[in-house]
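Here is what each chain is made of, one letter per residue.
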Amino acid sequence: MNETVILAAAEGVNPLVPNIWEILVTLLGFAVLMFIVVKYVVPAFEKTYAERAEAIEGGIAKAEAAQAEASAALDEYKQQLMDARTEANRIREEARAEGAQILADLKEKAAAEAARISEQAQVQIAAERQTAVISLRSEVGILATELAGKIVGESLNDDARAARVVDRFLADLETAAPASQSAGAAN
Amino acid sequence: MLLVLLSVVLISWFFVAAARRGKLVPGKMQFLGEMSYNFVRNSVGKDIIGERDYRPFVPLLFALFFFILVNNLFGSIPLIQLPTTSHVGTAYALAGIVYVTWIVLGIQKHGIGYFKLAVVPSGVPKAILPLVVLIEIISTFLVRPVTHSLRLFATMLAGHLIIMLAAAGSEFLLTQDQLLLKPLGILTLAGGVGMYLFEILIQVLQAYVFTLLTAIYIQGSLAEEH
Numbered sequence: 001m002n003e004t005v006i007l008a009a010a011e012g013v014n015p016l017v018p019n020i021w022e023i024l025v026t027l028l029g030f031a032v033l034m035f036i037v038v039k040y041v042v043p044a045f046e047k048t049y050a051e052r053a054e055a056i057e058g059g060i061a062k063a064e065a066a067q068a069e070a071s072a073a074l075d076e077y078k079q080q081l082m083d084a085r086t087e088a089n090r091i092r093e094e095a096r097a098e099g100a101q102i103l104a105d106l107k108e109k110a111a112a113e114a115a116r117i118s119e120q121a122q123v124q125i126a127a128e129r130q131t132a133v134i135s136l137r138s139e140v141g142i143l144a145t146e147l148a149g150k151i152v153g154e155s156l157n158d159d160a161r162a163a164r165v166v167d168r169f170l171a172d173l174e175t176a177a178p179a180s181q182s183a184g185a186a187n
Numbered sequence: 001m002l003l004v005l006l007s008v009v010l011i012s013w014f015f016v017a018a019a020r021r022g023k024l025v026p027g028k029m030q031f032l033g034e035m036s037y038n039f040v041r042n043s044v045g046k047d048i049i050g051e052r053d054y055r056p057f058v059p060l061l062f063a064l065f066f067f068i069l070v071n072n073l074f075g076s077i078p079l080i081q082l083p084t085t086s087h088v089g090t091a092y093a094l095a096g097i098v099y100v101t102w103i104v105l106g107i108q109k110h111g112i113g114y115f116k117l118a119v120v121p122s123g124v125p126k127a128i129l130p131l132v133v134l135i136e137i138i139s140t141f142l143v144r145p146v147t148h149s150l151r152l153f154a155t156m157l158a159g160h161l162i163i164m165l166a167a168a169g170s171e172f173l174l175t176q177d178q179l180l181l182k183p184l185g186i187l188t189l190a191g192g193v194g195m196y197l198f199e200i201l202i203q204v205l206q207a208y209v210f211t212l213l214t215a216i217y218i219q220g221s222l223a224e225e226h
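First to last, the sequence lines map onto chains A and B.
Each residue of the first sequence is one higher than the one before, counting from 1 in this note's numbering.
Each residue of the second sequence is one higher than the one before, counting from 1 in this note's numbering.
What the hints contain is simulated information worked out from the structure, not anything from laboratory work.
Just so you know, these numbers come straight off a predicted model, no measurement behind them.
Idealized CB from N, CA, C, for every residue including glycine.
Nothing false has been slipped in among the hints.
Mimicking DSSO-like on lysine-lysine, the simulated pairs with C-alpha atoms at most 30 Å apart in a straight line are:
| hint | chain 1 | residue 1 | chain 2 | residue 2 |
| --- | --- | --- | --- | --- |
| 1 | B | Lys23 | A | Lys62 |
| 2 | B | Lys109 | A | Lys39 |
| 3 | B | Lys46 | A | Lys47 |
| 4 | B | Lys46 | A | Lys39 |
| 5 | A | Lys62 | A | Lys47 |
| 6 | B | Lys109 | B | Lys46 |
Residues from chain A that keep clear of chain B, each with C-beta distances beyond 10 Å, as calculated:
| hint | residue |
| --- | --- |
| 7 | Lys62 |
| 8 | Ala63 |
| 9 | Met82 |
| 10 | Glu93 |
| 11 | Glu108 |
| 12 | Thr175 |
Here are the simulated distance ranges between beta carbons:
| hint | chain 1 | residue 1 | chain 2 | residue 2 | range |
| --- | --- | --- | --- | --- | --- |
| 13 | A | Glu64 | B | Leu129 | 53 to 63 Å |
| 14 | A | Ile60 | B | Leu165 | 51 to 61 Å |
| 15 | B | Met35 | A | Ala72 | 36 to 46 Å |
Generate the whole structure from the sequences, applying the supplied hints.
Given below as structure tokens:
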């Protein structure tokens, strides 16, 4: 009996022949699904993706901008540092030059002072020598006269030699006197 | 037939709910939705149709995949236990949509010369060209939609039959008076459970295959060469 049922079923329904309502319902259902997918699902997902991509790219762009800014600031600082360094070097050079200038000035001034002092000393020495010569001359004259007196007194009756000594002495005195007198006048 | 409407409601509800918020950092539901959407969008659409043209076909592929998936999975849900796609009409309708889609696309892209492009392969010797053209016409325009629809329908129907057969057989064997038949009933029951699990795999796989073939057909229509 079972067999006949199966046979009847097999004969009655060919599984490859569709029921028209199945096709219609499927088409309708799929159309509704398609509508919802096109209208709501896909745009929403794509929008989210786009936003996410934008957020990520925006973040990257922002980070890049920050990095660029930081590197620019770094360059600026480096530049400033270099400027300050060259400035310091310049100032140091100037100070050194100025110091050398001052030193040279001072040396020059000292040399001039030294020259002035030595000249003054020489003049003074000359003057003192002159006074010494003058005083010596008068004293020598006196001494010589005294000595001569003594010599004359003791060996007046000597020979012609004594007379020659006296003569020469007198002649020497006469030649020396005008020279010492002119020296004393110059002082 | 109510199952078709149920599947439409289920899919729409889930994905609209998952996509509506559209947060940059997705929650669990949105993440699941995005993962599913991404699978069809990138693994099927982008990889097969190509980076340049895939975008307009994402909705079709997406709707097809989840429509078929849910309708297949009805076969593994207790009490429903019947894949909608094991009705041949459903499979015909879906394959028909795809058939019309890729033919229209081909004509849109290449004009009426599309048919020549589709059936006359380049680089074939003149002598056997008529034969090749005949084979191409049959395989592309006649066999393709038939296999596309029957593959889905047949696997679903066969899976459904096997599970029902195993269930009915187990029931029959276990209720026999002969003691020797009861272990056999347990064996068929175990086999039925195994087939049930296997059937879930087949259901997912067939949804994927159907969608993948759709993408391949669309890509074929858009391609410059045969």
